[in-house]
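The whole structure should be built from the sequences, with the hints applied where relevant.
2 protein chains.
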Amino acid sequence: MVQARRKGKSEPLVRGEAVVRGVLAATLREAARAGYHGLRIEDVAALAGVNKTTVYRRWPTKQELVRDALLSIAGAALTVADAGSLREDLLAIARRIASLGAQAEYQGLYRLFVVEGGDPELVAIVRSLRTSFEAVPRAILEAADRRGELAPGVDPKLLFDVLGAALNRRLFFEREPLDEAWLQQLVDLLLHGALARPRTSR
Amino acid sequence: MVQARRKGKSEPLVRGEAVVRGVLAATLREAARAGYHGLRIEDVAALAGVNKTTVYRRWPTKQELVRDALLSIAGAALTVADAGSLREDLLAIARRIASLGAQAEYQGLYRLFVVEGGDPELVAIVRSLRTSFEAVPRAILEAADRRGELAPGVDPKLLFDVLGAALNRRLFFEREPLDEAWLQQLVDLLLHGALARPRTSR
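Protein chains in written order, with our numbering: chain A, 1 to 202; chain B, 1 to 202.
Careful, some of the hints might be misleading.
[Said to hold, decoys possible] No more than 16 angstroms apart at the CA atoms, straight line, and that leaves these computed lysine to aspartate or glutamate pairs for EDC-like: (1) A/Lys-62 / A/Glu-121; (2) B/Lys-157 / A/Glu-176; (3) B/Lys-157 / A/Glu-64; (4) A/Lys-62 / A/Asp-43; (5) A/Lys-157 / A/Glu-174; (6) A/Lys-157 / B/Glu-176; (7) A/Lys-157 / B/Glu-174; (8) B/Lys-62 / B/Glu-121; (9) B/Lys-62 / B/Asp-119; (10) B/Lys-157 / A/Glu-174; (11) A/Lys-157 / B/Asp-188; (12) A/Lys-52 / A/Glu-64; (13) B/Lys-157 / B/Glu-142; (14) A/Lys-157 / A/Glu-142; (15) A/Lys-62 / A/Glu-116; (16) B/Lys-157 / B/Asp-145; (17) B/Lys-157 / B/Glu-134.
Everything labelled a hint here was simulated from the structure, so no lab data went into it. Owing to the predicted nature of the structure, the values given are computational and were not obtained by experimental measurement.
Structure, rendered in structure tokens:
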């Protein structure tokens, strides 16, 4: 298989999607455990059961490896089937994040960002991932907009950031369950707002 | 001055409001620096320039000391003048939190809760402070309700939790400035929601 070489992108030198997925999963697990500074490529390789050079060939730096590992979450966390309404789409994403948040690994990654998030390498990673993490929400919100659901001037990024922020607060500060009733209350606040208004007919 | 002794409450044995304030400020600073487990009463006493026994007499345990120190923030962070509209009140609180969040001490306390927040003593502290931290928002929202501003069924606690969560995310994940334009966008999303609706006359 011949691929056009894109400048600055890693080559598909590691054969087998399974190997790539294994290394990325091992990276997430190690980063959650050891933090960004504590992450060692040899530990990732050992955990993934591959040679250290296999990792280095595709990801010459820790920064590139961690970036790709975090990118692999974007799909898992945010890809949901189009449910046909913004409310159901937001609920589906909220449920997905709630189930991820119950995992020790996700909790470790959250700690990593709070404790080490000011590190210039991590800041650069977050900046470079922004577009990828915004793609799924954007698709959902574009669909909602086509259905005429969205108020003019609403910032899609802000809506999803606030949703994620509230879920993380519940998980890591309140340490209360993200049960279905609470998720619905949250989504309805974000959709309808706190202000009283004349009800529309429905 | 004779005070009725309330069971389980610390006595006013430390004379002088200034001493109490000094010890609580030192506690916040030390907790932000060393974390909850790393916090030592002798360091707090030294920083506050008082004798260790002065601290122990009023706060027999670290848990009680940290609880009172955090309680002292509630007033500072959330007390705002009644501006006469929910939007202005929320903006005033958001601005206050934004300015606190720029301080290293507040950032240290945030890390403390993310890293150690699962500790049973800290969980108990958070639970016992809930009522105090909810008092100011509740007053603001009751005033808004009397003005007929609030939609029926809106959970005041949720509204304020989501506001705080979004501010913290911006501070600690995005690491972007909490500028006035962003604060207004956030408050307006929480007040009006993301859904399109027929505009009310105004």
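Any hints this thing doesn't respect? Which numbers, in order? 3 and 5
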